[in-house]
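> Throw the hints in and build the complete structure from the sequences for me.
First residue of the sequence shown? That's 3 in this note's numbering, and the numbers climb one at a time after it.
Some hints could be false.
[Unchecked claim] Mimicking SDA-like on lysine to any residue, the simulated pairs with C-alpha atoms at most 25 Å apart in a straight line are:
#, residue 1, residue 2
1, Lys21, Glu76
2, Lys27, Arg11
3, Lys27, His73
4, Lys21, Glu74
5, Lys21, Asn87
[Stated by the list, open to error] Distance ranges between label pairs, derived from CB positions:
#, residue 1, residue 2, range
6, Gly79, Gln44, 31 to 41 Å
7, Pro40, Val83, 30 to 40 Å
8, Glu41, Val83, 11 to 21 Å
Since the hints were made in silico from the structure, they are not lab data. Source: prediction; values computed, not measured. Cβ coordinates follow ideal geometry from the N, Cα and C atoms, glycine included.
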Amino acid sequence: MVDVTIYTRMMCGYCTAAKRLLERKGVAYTEHDASFSPELRQEMISRAHGRTTFPQIFIGNTHVGGCDDLHELESQGRLDVLLANGARA
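Here it is as structure tokens:
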């Protein structure tokens, strides 16, 4: 399974929902809480091609998007493929 990175902030319901989906699937992830870190927030924005909303999720080097995008991949049956090989499913 590829590395999963999620940029979050405190008190973010979408962040919690995205993490719960990953946890339910047994996916380990690295969380970067950018609540009080302008540097992490800028890193996220740069990696996410200008997107500023939370969370922003990366599977390998692939930018998945936010919580809704992650759940959409799951509902389409594409998330497991992406997690398995790190390429856009």
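> So, for every hint listed, does it hold in this structure?
Results for each hint:
At roughly 13 Å between alpha-carbon atoms, Lys21 and Glu76 fall within 25 Å of each other, so this suggested pair holds. Using a Cα cut-off of 25 Å, the hinted pair Lys27 and Arg11 holds, with the two alpha carbons roughly 22 Å apart. In summary, the hint linking Lys27 to His73 is supported, as the alpha carbons are separated by about 12 Å, within the 25 Å threshold. About 14 Å separates the Cα atoms of Lys21 and Glu74, which keeps this hinted pair within 25 Å; it holds.
Restraint check for Lys21 and Asn87: the C-alpha separation of about 20 Å stays at or below 25 Å, so the hint holds. At about 34 Å, the beta-carbon gap between Gly79 and Gln44 stays in the expected band of 31 to 41 Å. As the Cβ distance of Pro40 to Val83 is approximately 35 Å, the hint placing it in 30 to 40 Å holds. Roughly 33 Å separates the CB atoms of Glu41 and Val83, a value that falls outside the hinted 11 to 21 Å.
Comparing the model with each earlier hint shows a violation of hint 8 alone; every other hint is respected.
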